[in-house]
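**Q** Assemble chain B onto chain A, guided by the hints.
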Amino acid sequence: MSKIKNAFGKGKALIAYITGGDPNIETTGRLIRAIAAAGADLIEIGIPFSDPIAEGPVIQGASARALAAGCTTDRLFDLVMELRKDLETPLLFMTYANPVFAYGTERFMQRSAAAGIDGLIIPDTPYEEREEFAGACRQYGIDLLSMVAPTSADRVRQIGKAAEGFLYCVSSLGVTGVRTKLTDEIASVIKIVREESDLPCAIGFGISTPEQAKQMAAYADGVIIGSAIVKLIAEYGENSIEPVAAYIAQIKKAITEQ
Amino acid sequence: MRKGRFSQYGGQYAPETMMGALQELEREYRRWRNDPTFEAELAALLKNYAGRPSLLYYAEKMTRDLGGAKIYLKREDLNHTGSHKINNVLGQTLLAKKMGKTRVIAETGAGQHGVATATAAALMDMECEVFMGKEDTARQALNVYRMQLLGAKVHPVTSGTQTLKDAVNETMRAWVTRIADTHYVLGSVMGPHPFPTIVRDYQRIIGAEIKAQILAAEGKLPAAILACVGGGSNAIGAFYDFITDQSVRLIGCEAAGRGVDTAETAATIATGKVGIFHGMKSLFCQDDFGQIAPVYSISAGLDYPGIGPEHAMLWEKGRAEYVPVTDDEAVAAFEYLSRTEGIIPAIESAHAVAHAMTIAKEMTPEQIIVINLSGRGDKDVAAIARYKGVSLYE
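Residue numbers (my numbering), protein chains in the order written: chain A, 296 to 553; chain B, 695 to 1088.
With the rest of the complex left out, here is chain A:
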């Protein structure tokens, strides 16, 4: 059983996303430790990409800041290597197809595995193109995560069957970012997935408040929070450790109270 799947063993899981290198690599390292200590069960580190088409303005801004500050794929490998000396929390990379492909898919997986990365999310690589990266992921023991959306329709079953780690369930249409209102349209999709797979399901896109986290956690095994954290980092920069840790603790508490 993968380390990622294991992270769902202790009640509802909280998955936190931050963009690597925003505002700088050093702060990203401190943030990851603080987020883990505050109760996140899994942490997604975004490798910034120049053109993140699945992201809303908040994460677009973070990617641009990180790249401007000199963040590269190599520097994030080094950071993860350093963190792994004492950090147990499962870590995922989230990035677009091109940074992985340009690095050399096999070399990317080899370095990810060596650094201690457990899984990979590539939002512009759907089920149909999975094999572009799946072989190298298998070879180096990296879980390649899959996403389902309310519009996945009859593809849900095949996606569910192929998925690894946990299934990333997109709450609603659109790009990443805070939504004032969330519907339960993904709940019926998760029901279908459950018939095909015993993989944990986590819901992401648009969750920001403890109430929303609690509402979504009821339909799934965990929730994914990104833009709300990145927004705090944008606001507080190098001083964002405390507000982010406090926010993580608050969300963790909300989903644990089920």
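If you are wondering where the hints come from, they were derived from the structure by calculation, not from laboratory data. Just so you know, even glycine gets a beta-carbon here, dropped at the ideal spot from N, CA and C. Hints may be right or wrong, so weigh each one.
Said to hold, decoys possible - Okay, derived cross-link-like pairs now, DSSO-like style, lysine-lysine, Cα gap no bigger than 30 Å in a straight line: (1) K526(A) / K828(B); (2) K486(A) / K697(B); (3) K847(B) / K476(A); (4) K548(A) / K476(A); (5) K905(B) / K1055(B).
To be verified - Between beta-carbon pairs, the in silico distance windows are: (6) E426(A) / T956(B): 35 to 43 Å; (7) D982(B) / M376(A): 14 to 22 Å; (8) D982(B) / E530(A): 31 to 39 Å; (9) V1084(B) / M376(A): 56 to 64 Å; (10) D981(B) / A408(A): 23 to 31 Å; (11) E958(B) / E552(A): 51 to 59 Å; (12) E958(B) / A429(A): 35 to 43 Å; (13) K380(A) / Y1081(B): 55 to 63 Å; (14) E1029(B) / A409(A): 57 to 65 Å; (15) A408(A) / D819(B): 50 to 58 Å; (16) T478(A) / A832(B): 38 to 46 Å; (17) N319(A) / D982(B): 15 to 23 Å; (18) A737(B) / D493(A): 52 to 60 Å.
Said to hold, decoys possible - Where chain B lies over chain A, by a calculated footprint (3+ residues, C-beta under 8 Å): (19) 359-371; (20) 409-421; (21) 443-453; (22) 468-481.
**A** Leaving out everything else, chain B in the frame of chain A:
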């Protein structure tokens, strides 16, 4: 399983939120493509509304002046809205209508595709929103107003380099945000499957007409066909029916900007490498870590860091050649064609004219060159004046 491939290129590297719409589009496209009613409706629109077939004009003065190959111009600039973009837009908007969509969205660089989409939307009673890089809204301010006149809403895109690639990013984001009633009228032979195939099929009428027209006029095939290439829709349209005619050289002219040895270029084949972006595997201008490069060209329509996957395949197989043409060369050709033939070409198309001027001289009078004049240059007059340091009262 590996659908929509042109050898290793193409594919469907799209977010999960877009996949349902892409599959619906593929299904509906297959359903309507051979439907006689649809074909008749589209043919009527192309004839009566767009003004097809476009002329194949013998550029006699240019031919005499250059003293080499016999030069013909395929006059896509004479289409309604002033470029080849209308061919694809009428096809896709009619398809969207059949699919029950009520809203179309589009990206635009120079504004040609945006204007064409706004036009078709007005004609077919569809809501229309166009995304255009903020820098391009300044370069092509008149086209912004044209789109608004036609009833479209224009969104200036302020992210990234504020040009065509960012307009594509933003249109993709807008599409996944409101997908049920909306069709994305993608403007070039790029993006995730099935777009490169659909757009090529709607543009191949250019090459089909060239073939019939040149055979009627000359009784033989041309030695070469030239077209400018950004994403590559006018080029693939002109090339497609000649791919199996091995004697016909297919030459795509890329925007080299200030030169392929500078950072200010958009010549993808000359300076890019294989990558995955905007839904497709193809060639892209990028850095060592796969970050997409901020490209540059005087031509907003060619100012794109990638190339359509079918072009990447034709290049790899050696079936088509791709050459870089600089801003300076394109501007010189823009002025040359204006003065020699009384035809002001789009600055995009001027890239193809420029390369034709180079190779025509080295060819014989028995050989024929066809230049695809993809659009007219009215939109570029102010920008060329600025480039030449002429101040205009606008």
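**Q** Compare the structure with each hint and give your call.
**A** Status of the hints after comparison with the structure:
no., hint, verdict
1, K526(A) / K828(B), "holds (25 Å)"
2, K486(A) / K697(B), "holds (29 Å)"
3, K847(B) / K476(A), "holds (26 Å)"
4, K548(A) / K476(A), "holds (21 Å)"
5, K905(B) / K1055(B), "holds (23 Å)"
6, E426(A) / T956(B): 35 to 43 Å, "holds (38 Å)"
7, D982(B) / M376(A): 14 to 22 Å, "holds (20 Å)"
8, D982(B) / E530(A): 31 to 39 Å, "holds (32 Å)"
9, V1084(B) / M376(A): 56 to 64 Å, "holds (58 Å)"
10, D981(B) / A408(A): 23 to 31 Å, "holds (24 Å)"
11, E958(B) / E552(A): 51 to 59 Å, "holds (57 Å)"
12, E958(B) / A429(A): 35 to 43 Å, "holds (39 Å)"
13, K380(A) / Y1081(B): 55 to 63 Å, "holds (57 Å)"
14, E1029(B) / A409(A): 57 to 65 Å, "holds (58 Å)"
15, A408(A) / D819(B): 50 to 58 Å, "holds (55 Å)"
16, T478(A) / A832(B): 38 to 46 Å, "holds (40 Å)"
17, N319(A) / D982(B): 15 to 23 Å, "holds (21 Å)"
18, A737(B) / D493(A): 52 to 60 Å, "holds (54 Å)"
19, 359-371, "holds (count 5)"
20, 409-421, "holds (count 4)"
21, 443-453, "holds (count 6)"
22, 468-481, "holds (count 3)"
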